[in-house]
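Residue numbers (the working numbering), protein chains in the order written: chain A, 1 to 350; chain B, 1 to 279; chain C, 1 to 153; chain D, 1 to 288.
Among these hints, one or two may not hold up.
In silico negatives: residues of chain D with every beta carbon more than 10 angstroms from chain B [what the hints assert, rightly or not]:
{"#": "1", "residue": "Y41"}
{"#": "2", "residue": "R71"}
{"#": "3", "residue": "P75"}
{"#": "4", "residue": "M161"}
{"#": "5", "residue": "L262"}
Label-pair distances were calculated between CB atoms; the ranges are [what the hints assert, rightly or not]:
{"#": "6", "chain 1": "C", "residue 1": "I40", "chain 2": "B", "residue 2": "E189", "range": "51 to 59 angstroms"}
{"#": "7", "chain 1": "A", "residue 1": "G142", "chain 2": "D", "residue 2": "I132", "range": "46 to 54 angstroms"}
{"#": "8", "chain 1": "A", "residue 1": "A81", "chain 2": "C", "residue 2": "Q120", "range": "48 to 56 angstroms"}
{"#": "9", "chain 1": "A", "residue 1": "L106", "chain 2": "B", "residue 2": "K112", "range": "32 to 40 angstroms"}
{"#": "10", "chain 1": "B", "residue 1": "D155", "chain 2": "A", "residue 2": "G142", "range": "52 to 60 angstroms"}
{"#": "11", "chain 1": "A", "residue 1": "G142", "chain 2": "B", "residue 2": "K112", "range": "44 to 52 angstroms"}
{"#": "12", "chain 1": "B", "residue 1": "E85", "chain 2": "A", "residue 2": "Q334", "range": "49 to 57 angstroms"}
{"#": "13", "chain 1": "A", "residue 1": "Q252", "chain 2": "C", "residue 2": "T29", "range": "24 to 32 angstroms"}
{"#": "14", "chain 1": "A", "residue 1": "P80", "chain 2": "B", "residue 2": "N205", "range": "53 to 61 angstroms"}
{"#": "15", "chain 1": "A", "residue 1": "A81", "chain 2": "B", "residue 2": "S38", "range": "26 to 34 angstroms"}
{"#": "16", "chain 1": "D", "residue 1": "G73", "chain 2": "A", "residue 2": "Q252", "range": "52 to 60 angstroms"}
{"#": "17", "chain 1": "A", "residue 1": "T165", "chain 2": "D", "residue 2": "Q152", "range": "47 to 55 angstroms"}
{"#": "18", "chain 1": "A", "residue 1": "Q252", "chain 2": "B", "residue 2": "K112", "range": "53 to 61 angstroms"}
No wet-lab data here; the hints were simulated from the structure. Small disclaimer: the values here were computed from a predicted structure and weren't measured. The beta-carbon is built from N, C-alpha and C at its ideal position, and this holds for glycine as well.
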Amino acid sequence: MKTLTQAQLKEWLDALAQELTLIAPVNKQGKLLYRQVHDSDDIAWGFERTDMSPKTWLLPATEPILTIRQGEQVQIEETPAPQAKVVFGVRPCDARAALAIDALFLHKEPSDAQYARHREATTLVGLSCPQMWDSCFCTVVGGAPNATEGLDLLLTELQGDGKETLYAVQTLTEKGEGLAASMPGLEQDVSLPEPKLTEGLPTLASGDTFRAHFDDAYWQQVTERCLACRACTFVCPACRCFDVRDEVASRQPGLQVFQRLRAWDACTSAPYRRIAGGHNPRPTQHARLRNRFYCKFMYYPQDFGPLGCVGCGRCIETCPVNIDILEVIAAVEQLAASEPWACEARAAAA
Amino acid sequence: MTHINPMKPYLATIAGVRDLASGIKLLQVRLDDPAVSSSFDYRPGQFVEVSAFGVGESPFGITSIRNGNDELIEFAINRVGTVTEAIHRLDVGDKIGMRGPLGNGFPMEKFKGKNIVVLGGGIGGAPLRPVIQTVLQNRSDYGTLSIFWAARSPDLLVFTDEYDSWRAQPDTELQLTVDQATPDWPHKEGLITTLVEQVAPSADNAVSITCGPPIMIKFAMLTLQKLGFQSEQNWVTLEAKMKCGIGKCGRCNLGEVFVCTDGPVFRFDRVEGFLESFV
Amino acid sequence: MASDSVFEPKIVGFLCNWCSYAGADLAGTSRTPYPQNVRIIRVPCSGRVDPLFVLKAFQDGADGVMILGCHPGDCHYQQGNYFAQRRYALMHRLLEFTGVETARLHVDWVSASEGQKFAQVVTDFTEQVRALGPVAIKRQREAAVLPAQEVVA
Amino acid sequence: MTAVEQEIRDAARRYLEQGEVNCVIGYERGPTGKARPAFIYKAEDADRLVWSSDCNLNLVSYLHNYKHAPRRGAPVPKVAVVVRPCDARAINLLLHEQQIQRENVKVIGVACDGSEVDGQVRSACQVCRDRIPVIYDVLVGSEQAVEAPEQQDDYADVVQMEDLAEGERLEYWLQEFDRCIRCYACRQVCPGCYCFECVAEQVDPHWTSIAMEVPEKYFFHLMRAFHLAGRCVACDACEAVCPMGIPLSKLNRKLAKEVEALFGYRTGDDPKKAPPLATFDPQERLRL
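Modelling step: build the complete structure from the supplied sequences, incorporating the hints.
Below, the structure is given as structure tokens:
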């Protein structure tokens with residue numbers, strides 16, 4: 001396996017930054033965000049969990065998907081493919097989240113062209129976690145701190161013997177191979193350290209269990225404190241709901257230019273489903289918050305394959321009123337244990 | 001690599017506009033690209049996303065059937081929000097964008113040989129018109145056709161100019177009702193459910209097809225049940241807030257079902273199994 | 001209006017229907033010249049002008065916003081301009097605090113008979129905003145969709 | 001368990017036992033050890049209530065969920081709410097704005113000695129002069145309340161910003177707003193932000209873009225701050241919940257400073273006094 005020192009890694013990253021867009025976690029007034037960097041010294045080395053996920057670079061918070069020029073003729077232009085970019089320092093959970101979004105945006109017909117362009121242009125260079133941090137629960141949803149799925153390269157920090165930090169490089173895809181070709185380093189036999197796992201986490205109940213407890217009073221109870229903000233969905237690496245709207249970019253005599261913007265949206269906010277005329281088909285907050293959990297643990301896996309949650313724990317840390325998705329998982333597990341007949345009853349009713 | 005962008009609309013030109021009812025316009029459009037236009041095939045019950053450039057996109061049920069070489073596509077547009085208002089301001093010759101056809105549509109083949117009961121409420125009549133047209137064009141393939149057409153008031157009834165031609169067909173009846181009649185209204189006054197219960201179409205070898213506001217669908221289903229219709233005989237087309245129409249944006253789900261890609265047409269027994277209520 | 005010549009600011013003027021709009025009319029009918037940078041929006045009362053309008057104007061590309069109403073005591077609705085006065089006294093200070101020059105927002109009282117004053121206010125304000133250059137908080141979309149030389153300053 | 005905690009539990013239990021309220025809104029300990037809002041319906045659950053220095057939301061916001069009868073014909077629910085002195089001002093604000101009825105709300109006021117975050121007294125609490133809530137039905141912890149600082153709030157942090165050059169101030173706010181993700185947590189947590197449809201989300205008219213770009217964020221935060229001019233109670237919940245750590249209270253405090261200087265008004269002193277932007281004085285001539 002190839003190994004390289006931190007100095008070599010920085011050198012390699014600096015070279016990458018010269019030729020393409022290099023994105024890495026940086027510290028912005030105390031918040032760890034994935035931003036473009038031009039110098040590897042700007043990277044927040046030693047970061048744990050970032051405050052925002054690298055989702056921003058695959059499904060940007062706002063992006064024009066079409067440009068519409070309306071003059072004598074109407075022209076509709078697609079947004080050109082983005083420049084090649086490398087995201088460095090992707091945590092394994094976030095890479096699995098990208099796979100979850102792929103399942104819907106790439107593999108479910110029709111695939112989303114704009115997302116596909118971002119995906120093609122992007123290489124994900126992972127950095128495995130030495131341990132599960134506070135609120136992390138990737139192991140509950142099928143991941144691991146050193147999982148390789150979805151990554152092109154995975155770097156693992158080796159236990160140093162007091163000397164300079166050493167990284168072991170796992171090459172996982174052709175894309176990763178291409179990128180690693182320019183990487184300095186030394187081929188040597190190393191054993192990768194086992195990450196430290198958090199014990200005593202709950203077990204995720206099956207989709208059927210969730211189905212059986214859809215109408216449980218628990219959902220109203222857990223929602224009571226919900227403020228109906230959108231923080232949990234925006235920090236989530238796997239939430240993918242969006243809004244689309246045309247907006248004026250330029251208005252001149254004889255030519256109007258509009259952009260069709262796509263921006264993140266959140267099923268937890270009240271206006272999300274409100275339709276013209278004011279009717280809201282999902283009128284209660286408990287139905288909205290419940291939808292978020294059900295989407296992640298039941299609808300998404302059933303409709304598209306992967307779970308809609310990767311256990312990064314960001315929503316737990318971010319929620320202003322401490323609505324804890326891990327507590328929800330545990331509660332559903334408990335509901336299932338206390339009412340084992342519910343699954344069959346629901347199936348019979350349906 | 002090039003990608004076919006499902007979010008990119010085709011350009012279309014408005015070929016005709018007429019008032020259908022109070023606040024509702026019928027738009028006839030033709031796709032600009034002849035190749036796209038000639039291959040643009042759709043079934044009753046499918047919908048398209050119509051763009052009013054600079055304002056946005058909204059889903060509308062297609063309210064016409066494809067008639068050989070006549071490639072006009074029709075929608076009924078009720079003025080309720082920003083997009084529909086912008087579309088109402090357009091005129092013949094103006095450009096719109098169109099994506100589709102989207103959704104599943106009615107399985108008209110399956111309905112062959114059956115008696116058809118159609119329940120349309122208000123603008124909900126729009127996606128049912130192609131069903132009626134299909135039955136009438138292939139009259140011998142289907143059994144009797146009973147149309148129950150309702151609206152809040154007489155000026156909100158859609159396709160009034162076609163009633164006579166529908167009635168003129170063999171084995172076809174049309175029943176009209178409004179919630180609030182005007183003095184000159186010659187037909188029934190009251191809810192569509194009352195009317196259906198009075199006329200009591202037979203459930204034998206019949207299918208019902210309903211479109212209207214969710215609350216009307218809910219009560220129509222109860223009424224049909226009373227008349228002996230099984231849920232498997234009842235077909236509905238649902239509405240939901242949609243943005244993308246292709247199952248990505250996550251806005252239209254009822255439980256694990258996406259109205260835009262799995263529907264909007266559902267057999268009612270399936271709807272009964274939805275986790276989330278459609279009402 | 002090419003970009004290399006002198007900067008022509010875009011100015012949005014919210015004019016009260018009863019006094020200032022009539023004042024502007026008077027300036028027009030008496031052929032008093034004033035800069036054409038101002039785009040006038042007639043409002044029923046200066047009290048109708050929500051600070052939201054000001055922020056939106058800036059966002060949509062205005063470099064300066066002026067709100068003209070009746071003199072205190074002369075409001076057609078008795079009190080609208082008093083509300084406006086309080087509102088914009090605060091708004092000015094908030095804009096200043098967030099780094100937008102207060103000189104970009106001008107609130108003044110112009111009566112129906114003050115055509116001259118209207119022209120003077122518009123002239124002074126236009127020059128004041130011209131000196132400041134373009135506003136920093138406007139959307140940058142135009143540049144993204146038009147070739148550089150076509151972007152109207 | 002502290003004495004304050006015990007008093008809160010006792011008050012909650014009493015209210016529920018005597019049927020004076022349907023629900024008590026307080027704090028409980030979440031699974032990660034953080035304090036979080038709790039809704040207590042049964043007297044025996046009152047022991048879930050806690051009080052600690054990280055109870056830094058404003059629970060008065062939740063009263064908006066209890067304004068209306070749950071169904072036609074049912075009575076409007078009666079609730080008790082645990083408040084700090086700053087939160088209590090929001091009760092006066094909502095009373096003035098006729099959002100709540102006094103008879104439907106019981107106020108469990110907690111005498112405050114400032115809440116802490118990570119062992120540091122929050123900046124809002126350092127300058128706060130309130131120790132006893134302006135309105136309460138039950139007062140707890142009064143003997144523990146520390147002396148209020150004699151010195152008046154001098155808005156030193158605001159003045160420091162004001163003293164920066166114009167360009168520096170703009171740069172500062174653009175940097176801060178750049179991080180904003182428009183999650184609207186600041187708006188949702190605020191007791192004074194209760195519009196049914198916020199201008200930030202209104203579709204018709206479409207005030208602001210859905211884009212997460214700095215001009216829209218600037219628009220949103222200024223608009224929000226302005227809507228709270230003379231209405232902000234300085235509870236600082238907006239800043240406490242911001243996932244991006246944006247110093248929102250600076251905006252609110254700037255306006256509070258100006259409102260105090262221009263109109264001599266402080267939010268929530270008296271439910272009968274209108275906020276300054278909802279009233280006027282014909283004699284007044286202000287610098288514009």
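Checked hints:
Consistency note on Y41/D: stated as away from chain B, and its beta-carbon is indeed over 10 angstroms from all of that chain's, at 26 angstroms minimum. Every C-beta of chain B lies more than 10 angstroms from that of R71/D, the closest at about 17 angstroms, which supports listing it as non-interface. Against chain B, the non-interface label of P75/D holds: every CB pair exceeds 10 angstroms, the least being about 27 angstroms. With a least beta-carbon separation of about 39 angstroms from chain B, M161/D lies farther than 10 angstroms from that chain, consistent with its non-interface assignment.
With a minimum CB-CB distance of about 39 angstroms to chain B, L262/D clears the 10 angstroms threshold, and the non-interface call stands. Evaluation of the 51 to 59 angstroms hint for I40/C and E189/B yields a pass: the beta carbon distance comes to about 52 angstroms. Judged by the Cβ atoms, the range 46 to 54 angstroms given for G142/A and I132/D holds: they are separated by roughly 53 angstroms. A C-beta distance of roughly 54 angstroms is found between A81/A and Q120/C, which places it inside the suggested range of 48 to 56 angstroms.
About 39 angstroms separates the C-beta atoms of L106/A and K112/B, a value consistent with the hinted range of 32 to 40 angstroms. Here the CB-CB span from D155/B to G142/A is close to 58 angstroms, well matched to the stated 52 to 60 angstroms. Between G142/A and K112/B the Cβ separation comes to about 47 angstroms, which falls inside the hinted range of 44 to 52 angstroms. For the pair E85/B and Q334/A, the beta carbons lie near 50 angstroms from each other, so the given range of 49 to 57 angstroms is met.
Between Q252/A and T29/C the beta carbons are some 31 angstroms apart, a value that agrees with the proposed interval 24 to 32 angstroms. At roughly 57 angstroms, the beta carbons of P80/A and N205/B sit within the given window of 53 to 61 angstroms. A hinted range of 26 to 34 angstroms for the beta carbons of A81/A and S38/B is consistent with their spacing of about 31 angstroms. Range check, G73/D to Q252/A: about 58 angstroms between beta-carbon atoms, so the 52 to 60 angstroms window is met.
Range check, T165/A to Q152/D: about 52 angstroms between beta-carbon atoms, so the 47 to 55 angstroms window is met. Taking the beta carbon of each, Q252/A and K112/B are about 56 angstroms apart, inside 53 to 61 angstroms as hinted.
Consistency note: the structure conflicts with none of the earlier hints.
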